[in-house]
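Chains as they are written, first to last, in the numbering used here: chain A, 1 to 479; chain B, 1 to 572.
The hints are simulated quantities; they were obtained by calculation from the structure and are not laboratory data.
Accuracy of the hints is not assured; some may be wrong.
[Unchecked claim] Every beta carbon over 10 Å from chain A, so not counted as near; a handful from chain B, in silico:
(1) Pro-115
(2) Arg-129
(3) Thr-561
(4) Lys-572
[Stated by the list, open to error] If you want the footprint, here are the derived chain B segments under chain A, 3+ residues with CB under 8 Å:
(5) 247-254
(6) 311-322
[What the hints assert, rightly or not] Within a straight-line C-alpha distance of at most 20 Å, the following computed SDA-like cross-link-like pairs (lysine to any residue) qualify:
(7) Lys-251/A with Arg-315/B
(8) Lys-259/B with Pro-358/A
(9) Lys-88/B with Ala-355/A
(10) Lys-251/A with Cys-216/B
(11) Lys-259/B with Asp-360/A
(12) Lys-389/A with Pro-253/B
(13) Lys-259/B with Glu-325/A
(14) Lys-259/B with Ala-327/A
(15) Lys-210/A with Arg-315/B
(16) Lys-389/A with Val-250/B
(17) Lys-259/B with Thr-362/A
(18) Lys-259/B with Gln-390/A
(19) Lys-259/B with Thr-393/A
(20) Lys-259/B with Ala-355/A
(21) Lys-389/A with Arg-300/B
(22) Lys-259/B with Gly-205/A
(23) Lys-259/B with Gly-395/A
(24) Lys-161/A with Ala-141/A
For each residue, glycine too, the CB sits at the ideal point set by N, CA and C.
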Amino acid sequence: MNALVLALVLALGAPANPPDLSGLEPAVAAQIAEMRTLGAPGDLGQVYLAYGFNDAAADRFRAAAALEPGDPRWPYLLGAADQAAGRLDDAAAAFARALEMSPGISPSAAAGWVHLGEIRLLQGRLDNAEAALKKAASVPATNAAARSLLGQAALARRDFKAAVEHFEAALAAVPAANRLHYPLALAYRGLNDRARAEEHLARAGQVGLKAPDPLLDGVADLRLGERVALMRGRVAAQAGRYADAAQEFRKALAARPESVEARVNLGSVLASAGDRAGAAEQLREALRLDPSNVTAHFNLGSLLAGSAPTEARPHLEMVVAARPEDAEARRLLAQALRDGGHLPEALEQYGQAVALAPGDETARLGEAETLVRLGRYAEARRRLEDDLKQMSTSGLLSHALARLLAACPDPSVRDGTRALALAQAVWQAQPTADHARTVAMALGELGRCREAARWRRTALGQAPQQGESDPEDGVSCRP
Amino acid sequence: MEARPRGEVKGVILALAAFVAGLAPATGAPSPALFVDRATEWGLAFTYSTGQSGELYFPEIMGGGAALFDYDGDGDLDVFVVQGHALKPGSPDPGPAGWGRLFRNDLITPRGKNPAPRFVDVTAASGIRATGYGMGAATGDFDNDGRIDLYLANFGSNQLWRNNGDGTFADVTARAGADDPRWSAGATFADFDRDGWLDLYILNYVDFSVANNVRCYAPNTRRDYCGPAAFAPVPDRLLRNRGNGTFEDVSLPSGIGRKAGPGLGVVADDFDGDGWPDLFVANDGAASFLWINQRNLTFREDGLIAGVALNAAGRPEAGMGIAAGDADGDGRDDLLITHLTAETNTFYANLGGGLFEDATARSGLGAPSLPFTGFGTGWLDFDGDGRLDLAVFNGAVNLAGATGSGAGLTPYAQPDQLYRNLGGGRFALVEEPAFRKMAVSRGAAFGDVDNDGDTDILVVDADGPVRLLVNTMESRPPWIGLRLAGTKADRDMLGARVEVRRKGAPALWRRAATDGSYASASDPRVLVGLGEAPEVTEVRVVWPDGLVESFPPPPARAYTTLVCGTGKKEPK
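Using the sequences and the accompanying hints, generate a full structural model.
Next comes the structure, spelled out in structure tokens:
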């Protein structure tokens with residue numbers, strides 16, 4: 001056997017510690033087993049990498065690189081496996097090798113520069129990071145991701161002006177990447193521009209920015225099975241990408257049609273996307289498959305609580321029976337009971353919801369509203385006064401109390417002066433049509449009819465902007 | 001190809017040179033171990049049991065912690081370790097084996113030899129029946145009787161054990177109104193309203209119960225422990241000490257109870273320098289909270305604008321342990337938060353005025369932490385050079401962070417890490433044998449167990465014996481030890497800040513505290529290594545009530561008690 005053949009045998013040999021396949025989803029175990037039998041080391045490495053077996057993947061990519069030393073894919077993927085395992089020096093060396101082998105700047109190479117820049121940034125080697133990222137920024141596909149990382153490097157240098165420029169550029173290219181508003185806010189903070197910092201903090205979210213990465217995106221596509229689709233769906237749902245999430249949950253259902261979890265999740269994201277009928281259909285099907293599924297009962301109950309309280313009630317009762325400590329379920333059940341006309345029962349559930357979650361102002365509000373519907377106005381006022389002692393800054397409760405004090409059917413409960421003070425404070429914090437209307441009602445109660453009329457006009461003026469269409473504003477004046 | 005900057009190479013060489021000069025013997029022989037595990041030798045025989053059932057109940061992967069506190073007032077640190085047990089319904093009652101344990105430290109100093117603790121299990125005699133599923137411990141003298149009391153945070157109801165002063169404790173949880181039936185990960189005592197009585201902050205995690213357990217999976221599709229996102233977060237609780245042995249729940253009016261977060265770490269410290277204790281809460285997988293004390297027992301949550309809620313990229317991280325201390329020597333307490341595998345541990349440098357910046361990249365603390373999941377952590381000056389070094393104790397919580405294989409929690413085991421402070425906010429990993437042990441480490445309590453002037457570390461490993469990592473470095477620069485005591489009550493003045501002024505060197509700032517780390521309570525005494533500037537000119541103390549006093553230099557290589565009100569008053 002000559003040296004070349006020996007090298008090939010060694011390269012093709014099994015990894016030192018092949019991953020244990022026990023406990024994996026059968027489709028995934030079968031996929032890996034098949035690749036072990038049939039696949040070249042690079043192919044097997046990609047499957048390992050797809051499922052997070054990073055060490056085994058790195059081993060196979062080294063073997064692949066030994067077989068095909070001129071192919072930049074293997075050091076690139078080795079870099080990705082090492083980076084995922086936290087071996088940053090090894091990862092950087094591998095990416096650098098891959099980039100040396102790639103003439104010019106292709107999309108794959110540009111993604112490699114992004115990886116290299118990210119690694120050097122983590123290592124605090126800012127000069128190296130910026131050199132790599134500037135190369136990535138010169139390619140349109142990776143420009144935004146590179147600019148966002150250049151922004152981080154500038155932040156680390158306390159070069160806030162440059163950081164602002166980079167983050168603004170990245171956001172201009174990908175406005176949906178709302179996570180960038182946070183470091184951008186910190187850059188403005190560094191420039192002592194507190195107002196802009198606050199403005200961007202208010203817009204910050206968790207949608208990140210990822211450079212297109214043809215090789216690694218291909219690896220991700222190797223993942224099979226229900227659980228993988230479920231995980232992807234959850235990640236997409238958490239990022240607010242409901243259409244993508246629904247697609248993944250449908251893939252999970254295609255892999256296992258009897259999957260209750262996939263159906264419940266699909267129902268949830270359809271509801272979040274506004275497809276209430278589709279959501280209800282999925283959740284009902286989930287309950288047909290598993291009538292005791294508490295999550296499905298909860299989701300269906302909460303979906304129907306506002307529109308079909310009678311149908312929502314049994315679902316929420318199931319949840320409360322299964323999870324008596326679930327304050328949210330009790331609040332929703334209370335809402336369904338109240339809207340279904342079962343006021344004493346609703347009051348009891350609201351009471352328990354408040355006891356379980358004293359910080360839930362919606363439950364406290366519901367409790368007071370139920371008391372109002374029961375005609376127990378003085379009690380409602382006392383309850384709201386107590387609530388505000390506990391939660392003095394709650395706009396929701398302040399507004400409810402203002403309304404009650406301004407327009408309670410029982411005149412002995414009314415207090416126009418206090419109602420006006422509360423209503424004005426709420427309006428100042430949040431100038432909505434509803435809040436303007438409450439100011440008008442308080443002024444009406446005080447007999448200040450001209451001012452009430454002016455506020456009423458303000459409310460009517462605000463309403464179309466805010467999508468409110470209720471012309472019955474309940475404002476009257478007692479001159 | 002990348003260019004390596006010249007300055008960087010030089011910096012590394014200088015750093016290595018400093019390290020070698022400080023630690024390696026002149027002979028060139030291998031460095032002796034700095035830390036040695038003496039738990040067994042000194043009688044600390046205890047294994048934290050997670051009660052693994054195969055059901056992968058969330059608490060099984062999260063506990064537990066310990067406390068180092070001088071409960072008998074004899075001047076040395078005793079030990080309490082919490083305990084877990086099987087959660088699966090129908091599991092046999094483990095009896096006392098499933099309870100937390102109290103070990104008394106009978107420190108002896110044989111003639112001509114170093115002091116040597118001997119730990120004796122006094123749980124039965126103490127009356128402590130820590131029957132809950134233990135997560136963490138907090139210590140503080142809540143009734144101002146001069147004896148340190150013990151608060152136990154559990155998965156389920158918590159317990160407040162009042163120290164009777166005769167070696168026994170009484171369960172006063174109900175009478176004091178100090179329970180929280182939810183899953184608490186820890187707690188901290190601090191005088192938030194500066195009325196002279198320690199209030200209690202209870203740190204809660206998520207709404208998990210055995211009944212609502214769900215199935216979660218690793219990226220490789222194998223069944224795995226869930227993360228916090230699988231359950232609803234739970235708000236924390238703030239209890240005001242009424243001064244009569246009871247607490248008033250002020251969670252809602254204070255603002256604390258109005259924001260839910262999966263909290264795993266908490267520190268009370270004056271982060272904005274206004275003299276009032278604030279709170280930093282490390283949330284697991286969610287934005288952390290920085291509660292700024294409004295001086296009327298209400299708090300404003302400022303984490304985002306302060307720059308500590310998320311990392312520099314705007315991502316929430318899996319906050320677990322916290323180390324709070326002046327790591328960069330600028331007189332302000334910085335924060336190091338331990339995180340999940342594939343996230344860095346994150347170092348937030350305090351810029352003053354309640355603002356921080358993520359200084360992880362330039363600190364050198366980020367990249368080495370990527371493969372590990374950090375829990376217990378603390379600043380400690382292990383080489384006495386006056387700079388705070390860092391210890392981090394690791395152990396995965398899911399298979400994505402696991403590297404090993406085998407039964408039980410073995411796959412989750414990871415080595416720990418010790419970093420040396422190079423000055424200027426930069427750190428370098430130290431290859432220390434005692435930190436190479438593969439274990440699923442969780443809580444870590446820091447304190448000078450043998451009273452020899454350096455910090456030892458009590459480490460709680462899940463389903464493993466506790467470790468007592470004793471600093472054995474023999475040739476250390478001079479040090480001073482300070483106990484900061486109250487006047488009205490001879491209790492540790494938690495939150496007091498100390499400035500040690502030295503001739504020819506910058507002042508050193510330290511804080512009397514027991515909180516931070518993970519699920520654990522540390523030594524409240526302040527230990528200051530003086531490095532190459534051993535001449536102390538003055539010690540200034542900023543007491544929790546705002547009083548500032550100066551004291552003459554205390555003797556070196558000894559512990560000294562400074563009593564509030566007995567120093568020379570200084571302007572604030």
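Structure-based check of all given hints:
no.	hint	result
1	Pro-115	holds (40 Å)
2	Arg-129	holds (25 Å)
3	Thr-561	holds (42 Å)
4	Lys-572	holds (27 Å)
5	247-254	holds (count 3)
6	311-322	holds (count 5)
7	Lys-251/A with Arg-315/B	violated (28 Å)
8	Lys-259/B with Pro-358/A	holds (11 Å)
9	Lys-88/B with Ala-355/A	violated (28 Å)
10	Lys-251/A with Cys-216/B	holds (18 Å)
11	Lys-259/B with Asp-360/A	holds (10 Å)
12	Lys-389/A with Pro-253/B	holds (7 Å)
13	Lys-259/B with Glu-325/A	holds (18 Å)
14	Lys-259/B with Ala-327/A	holds (15 Å)
15	Lys-210/A with Arg-315/B	holds (14 Å)
16	Lys-389/A with Val-250/B	holds (11 Å)
17	Lys-259/B with Thr-362/A	holds (14 Å)
18	Lys-259/B with Gln-390/A	holds (14 Å)
19	Lys-259/B with Thr-393/A	holds (13 Å)
20	Lys-259/B with Ala-355/A	holds (16 Å)
21	Lys-389/A with Arg-300/B	holds (17 Å)
22	Lys-259/B with Gly-205/A	holds (18 Å)
23	Lys-259/B with Gly-395/A	holds (16 Å)
24	Lys-161/A with Ala-141/A	violated (24 Å)
Checked against the numbered hints above, the structure breaks hints 7, 9, 24 and satisfies the rest.
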